[in-house]
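Participant: We have chain A already, so just place chain B on it with the hints.
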Amino acid sequence: MNTLIKATQKVNILKETDIIPFFDVLKANVTRSNMEMTVVFLKATVTDPNQNNVIEELEEQIADFLVSEVRNTDMLFKLDGSLRWGILLTQNGEEEGNAFLNRIFQLVKNDYFPSEIDSTFTLQGIIVAVKNDQVTFEDLKGKQFEVFNELSEPWEIEIVTSFKAQPLKRVKVSILEENAIFSEVLEMTVQKMVIDHFQLETKVFSDGYEFLQSDWYLSGHTHLVIMNDILPRKNGLNVLHTLRNMANQKKFIIYMMTNRKSQGDMNYAYESGVDEYLIKPFDLNLLQAQLKRTFARL
Amino acid sequence: MIELSIQLILYIIAILLGFCGIAMIYLIYQRRYEERKKREMEEYIQITKVLWQEYFLEDDRFNVTLIPKNKHQILAVEHIFLSNLRNISNPSIQQKIYTFAQMYLKEYYQNELKSRNWSRKMNAMYRIADFHIKELIGICEVSINHKHSIEVFQVLKIYSILEKEKFIQELLLCNFSFSESENKKLFSYLEVEMLQRLLGKMEKLQPAAQYALIDTIAAKGSMDVIEKLEELLVSEDIEIRIRTLRGLERMGVIRDIETYIPFVNSSIWEERLMVAKIFKHAPLTYTAEHLEKLLQDSNWWVRSQAASTIIEDPRGYQRLKEFIATTNDQYAIDMANEVLEKRKRAV
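For the record, the sequence lines run as chains A and B. Per this note's numbering, the very first residue in the first sequence carries number 1; after that it's consecutive. Per this note's numbering, the very first residue in the second sequence carries number 1; after that it's consecutive.
In isolation and in its complexed conformation, chain A is listed as follows (with noise of 0.2 Å):
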């Protein structure tokens, strides 16, 4: 086990009520922002459990070798209870957290033993991927104990995927398009949209002035604005600039419909903050896999 402790300098870890803030806070930036999280948990079984001093040596041991595998992104904590830690992995979901374990078991199991420490100890472990702001760590720390009574293979992970309900996000779609029948046509297919975890609400509007008359753009929901570039009041590019000098711009996810095809216009169009770029006549069924695209990634 010295073999895979790498140099490294050593530090006190984190206990369980040390995490408690830190998960509480990450907890809340998870639906605010999209945010991945998951929490892992470890626990390292021995084949003589009343061999309390070795016992004590080996937490010390495995507890160096976690923290110098974990990142700087990543927070280790240890569980009350002997040979538990949990490591939470602030930006990463279910499958890193996989990765990071079976990486984990591997090095483990490759590498030679001190004679002085039991080799038969084993690791196990469990995946949580947390998607939801309702959930406490009491919940997570429940759950563990439950899962780790019921794993009996040494190597065991199991995956959790009670905490991963995702609430339903609100995001607001709006069409600006002077043309009434194809901004119907739009509207009607965003709507047909059916996409997990998102409520679509769309309204229309005639032109760019309309739009920023309305108060509609001004709550913190992600907004997606589907505009033409020439509008008869206050075009798309006029829109796209005041959209983009807002404070909390970043909400707005940007489709230009246009007619010109130049590069120079394309060029303009995406440094001045537009995300998705639509020369008319475009297919129905790209923008609806591009929608769907953006969606996935948020």
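Note that these hints are calculated values from the structure, not bench results. Even glycine gets a Cβ: it sits at the ideal position worked out from N, Cα and C. Do not rely on the hints blindly, as some may be mistaken.
As the list claims (entries may be wrong) - Computed footprint of chain B on chain A, listed as stretches where at least three residues anywhere in the stretch have a Cβ under 8 Å from a Cβ of chain B: (1) 180 to 191; (2) 275 to 282.
Claimed, not checked - Just the calculated beta-carbon pair ranges, DEER-fashion: (3) A/N238 with B/E54: 32 to 42 Å; (4) B/V142 with A/A296: 54 to 64 Å; (5) A/E178 with B/N63: 56 to 66 Å; (6) B/E54 with A/R293: 45 to 55 Å.
Facilitator: Same frame as chain A, now just chain B:
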């Protein structure tokens, strides 16, 4: 002093009031007609918009209610069709529009083509092109005044959309000189293969058509045309050479850098400018020497482009710094410094 009897003045006033009255009645009548037209169009659209969506998006959902029964409803159908054609790209919807137009609107346009009212005739021709009503091409040909350039242009446009072989024949025989943008509009409907054929007959085209052809074929971006375009670089027409260089630059492919090096020493500044732009698409190791020469050009635009091309290369920054240290040309140094400063600020 002019003497006018009161009676005469009263007669004049009465006549003028009469004219005003007639004009007002005419305007009121026209206004009411327009309002009625708008109302009937909106009514038709409201009643049929869901049916049109079903017809366009689902098979076997044709409804006889869609068939327009009067002129205003036909105008409403035109509005629906044009909204779809101009905004949505969907071959199935397009085909349904063309089929519907040929079955239910052809007769209307046939009558419109015979109208003595010029605008009605021209509107019919525009819609024949938009809705691809092939059966009316023959009637278009006999209806137009062959001395009227706008009508001839519209017929050529119909050919370029619906009868491309005939378009090439008629274009080569055409006596009218259309503008470059008009020619571009005509060529935009042709595939690359047809454009290449036209390129082979370029000497028979008017100059504006030649320039439009080069721009259009380059904009289509097909790799097949590069060789043919490069052949135009030796043309005696300066404008053709410049347009070809511009077109090749837009395509972004250099097959052989030796083709372009002679333009570095051209007496035409536009050619030197274009070659400075083209060199963006080759590694700086092959072009640096020529770009540095262009950076010392007498023309500001050429110097500016040369500097911009150098700085776009990953090694360009360093190269410019070395150039500043070794050259005596103050104008070149100023331009290089300006570009370096812009890059620093951007980073």
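Participant: Decide, hint by hint, whether the structure agrees.
Facilitator: Hints versus structure:
1. 180 to 191: With 5 residues close enough to chain B, the hint holds.
2. 275 to 282: With 3 residues in contact (Cβ-Cβ under 8 Å with chain B), the coverage given for the segment 275 to 282 of chain A holds.
3. A/N238 with B/E54: 32 to 42 Å: holds, 37 Å
4. B/V142 with A/A296: 54 to 64 Å: holds, 57 Å
5. A/E178 with B/N63: 56 to 66 Å: violated, 28 Å
6. B/E54 with A/R293: 45 to 55 Å: Taking Cβ atoms as reference, B/E54 and A/R293 lie about 28 Å apart, which means the hint is violated.
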